[in-house]
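> For the protein sequence lines, the chains are H and W, in the order given. Just so you know, the first sequence maps onto residues 1430 to 1837 in our numbering. Just so you know, the second sequence maps onto residues 1430 to 1837 in our numbering.
Any given hint might turn out to be false.
For identical chains, the list gives no copy identity; a pair is met inside one copy or between any two copies.
Below, simulated SDA-like cross-link-like pairs (lysine to any residue); rule was C-alpha separation at most 20 Å, straight line [unchecked claim]:
hint	residue 1	residue 2
1	Lys-1460	Glu-1792
2	Lys-1460	Gly-1811
3	Lys-1460	Thr-1778
4	Lys-1800	Ala-1833
5	Lys-1800	Ser-1830
6	Lys-1460	Asp-1749
7	Lys-1460	Ala-1578
8	Lys-1800	Ala-1679
9	Lys-1800	Gly-1827
No wet-lab data here; the hints were simulated from the structure.
What follows is each chain in one-letter form.
2 protein chains.
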Amino acid sequence: MSSAVSPLALPFPELPAIGGVTLRVARARYKTWDRCDLTYAELAPGTAVAGVTTQSRCPSPEVEWCRRALVLGNARALVVNAGNSNAFTGDRGRAAVEAIAARTAGHLGCMPSDVFVASTGVIGVPLPIDRAEAGLDAAFVAEPCDWRAATETIGTTDTFAKAAVTRAVVDGRTVTLVGIIKGSGMIAPDMATMLGFIFTDAAVEAPFLQRALSAANAASFSCITVDSDTSTSDTVLAFATGTAGNAPLAADDSDGADAFRAALADLCLQLAHLVVRDGEGASKFIRIDVTGAESDRSAHRVAMSVANSPLVKTAIAGEDANWGRVVMAVGKAGEAAERDRLAIRFGNTQVAEGGLAVSGYDEAPVAAHLKGQDVEIGVDLGMGEGRATVWTCDLTHGYISINADYRS
Amino acid sequence: MSSAVSPLALPFPELPAIGGVTLRVARARYKTWDRCDLTYAELAPGTAVAGVTTQSRCPSPEVEWCRRALVLGNARALVVNAGNSNAFTGDRGRAAVEAIAARTAGHLGCMPSDVFVASTGVIGVPLPIDRAEAGLDAAFVAEPCDWRAATETIGTTDTFAKAAVTRAVVDGRTVTLVGIIKGSGMIAPDMATMLGFIFTDAAVEAPFLQRALSAANAASFSCITVDSDTSTSDTVLAFATGTAGNAPLAADDSDGADAFRAALADLCLQLAHLVVRDGEGASKFIRIDVTGAESDRSAHRVAMSVANSPLVKTAIAGEDANWGRVVMAVGKAGEAAERDRLAIRFGNTQVAEGGLAVSGYDEAPVAAHLKGQDVEIGVDLGMGEGRATVWTCDLTHGYISINADYRS
């Protein structure tokens, strides 16, 4: 974990154990630091898995490994390495992933394809196989740890540990979902965020779990951005151990399916918001609602154009009600928009409509809204029924300080 | 002009007078500042004009006015207002532009459509007509001024005055082209940059001038970015007074056409580079060459993805040879790319090829290259013959400081 905790941090929640999930951590010493950096989650036989991964054309070998393993839909273990993403490392990187899967499979007596691997950290340095194997051997015999220790171990530049819990009633049983996540910079997930892991005791067949996760992802991880930079390693995996004893969820209209999907969607949204709250240098949590677009997809693109605009983000950092920069960001989005139908809201205050500032515009309530930690911007395009909501943070000196000397 | 001069600033060049162009400046007091903020250029009868303007869906009324006037291709005057962009101001903004054109036309005895108007500054505040008219009246009777005074008067957050000169021989006559430009932030021109004005004494018919300017723009203003934010007011206008006495350039293959196009392209590239050199907070001038793409268009998009990546830009600000961030930016560009064919160069040093760091990679020459003010990044995609070059600057604390309290 980095030095100063984000001012937007939330306390670590009380998290229950999930049946069929055992967590352990160890020191692989991927960097010259004195902290655990290898997380090992053992999963009960029969665990179903689903996942979403980065759309980057330069994915890490871990991402490629997970994609292949997801086709089979079974999981017995998750290994997460922090401090080295192993991305862009060619055959040596692939060999490291295969070695981790093989060693874990040997320990558990399962198939290597039952082992999911994720790594996060600097790009371009092959993950040292000897350290990974020694770390794994230490993890295999370590005492089980709690969620907080596992969450801290998957983190890198994160300033606080991020996790959430939701519940649903399925087939008369209460099932529990716990998610842990890491990510702070290089956040513009394109189907997923840095690294997020969800564990549930619900019995869920893998295809159902995949559909539910993909839908939840579309409204959560795909709707956040810190800095518009998409990682080579973005991965969200969901594991369902089935120890809750419900009749396995399979059909989309089965009993409890709606409740499970809602709980998963809620969990993903909580986790996504936590990543924004730990955005590098963030001092404001910003929600952007776009309505009146030609389509939901168009609304999403306009919202992302506003959310990724350095000028909008620095204005909010300066608590400056410079709504003209929102006009600029809408104008550059490349989506259907007409200046003279555009309306803009800050908090509950309408600031512009019909192509100009509202008559008698009073900046005082907007300035007051911008003083708070939670900022809301509303954009109505006046074109159609499309709508979208995205979340981001402001752009501050902290972002520059963190990223101008990250490797040093 | 703002406080600290960019470390990348170049000295103001020696600029000759252009026959048929008379410059004057005045104080319209668009802001509470004690400086000239209205520039008035009077152009000889018969001056041809061409222009390129922002692709923003929320253009300023000045941009709309220029687009309509460009259809006619004749110019007698240019009026530039600094300190207020007049963008997103509805009918009041349109009325201000019409008033400026009408008053100038009355003074010169020409058509309002012969008067070109451009404004730059804060968005959303109608340009005060009374101040514009009083400023114009003062300009009409002011002593003519030099290029430097006019260049300083069109500037806002610019830290140095930016201008360039080129020459060509057309029809046995040496013709001269002078360009002045302003722009520092909100720079991701989509067909044009903030405000640039080119004056030549060559005789050029308007359609030829438009074709030449559009071509020059595609390789200059459209290939720079400071912060990925596209202005509502981007405008580049080229005026040809014809006082050089050459036979007017009209056909693309006429004598001197190549020389004129080359001089115009060189001028536009010089001006575009000056804007990058005055990028808000810039400490490094960065050139990005992409080769081996599927097409030139694809290469341009990959180059812009690298140029706009906050993580690449902050790494360079920190003189950190973190080439993994270039991999990330290529991967997120959404263009055809294959990780294992990708090669990356910093300066003259190959750092990665075939999907991993080069064997025996020595960071020392790369670190030395990054210490300099001029940074070159080469990306070869290994896919085809497409290539592109773009220019940008780094992202520093200066950008945050300038933009977090711009209006205050």
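> Is it within, between, both, or neither for Lys-1800 and Ala-1679, if the alpha carbons may be no more than 20 Å apart?
neither (48 Å within a copy, 59 Å between copies)
> Check Lys-1800 against Gly-1827 for me: Cα-Cα at most 20 Å, and say if that holds within a copy, between copies, both or neither.
within (18 Å within a copy, 23 Å between copies)
> How do Lys-1460 and Thr-1778 come out at 20 Å by Cα distance, when the copy is not named: within, between, both, or neither?
Result: close neither inside a copy nor across copies, 49 Å intra and 26 Å inter.
> First find the shortest C-alpha distance between Lys-1460 and Gly-1811 inside one copy, then the shortest across copies, and answer within, between, both or neither for a cut-off of 20 Å.
This pair counts as neither: shortest intra-copy Cα distance 52 Å, inter-copy 33 Å.
> Taking 20 Å as the upper bound on the Cα-Cα distance, should Lys-1800 and Ala-1833 be classified as within, between, both, or neither?
Only across copies: Lys-1800 and Ala-1833 sit 13 Å apart there, 28 Å inside one copy, limit 20 Å.
> With 20 Å as the alpha-carbon cut-off, assign the pair Lys-1800 and Ser-1830 to within, between, both or neither.
So Lys-1800 and Ser-1830 pass the 20 Å test across copies only (18 Å; inside, 23 Å).
> As a check of your reading, is Lys-1460 near Asp-1749 (CA-CA no more than 20 Å) within one copy, between copies, both or neither?
Classified as between: cross-chain Cα gap 18 Å, same-chain 40 Å, threshold 20 Å.
> Pop the pair Lys-1460 and Glu-1792 into one bin, within, between, both or neither, using alpha-carbon distances up to 20 Å.
between (49 Å within a copy, 18 Å between copies)
> Can you give me the call for Lys-1460 and Ala-1578, within, between, both or neither, at a CA distance of at most 20 Å?
within (18 Å within a copy, 56 Å between copies)
Checked against the numbered hints given earlier, the structure breaks hints 2, 3, 8 and satisfies all the rest.
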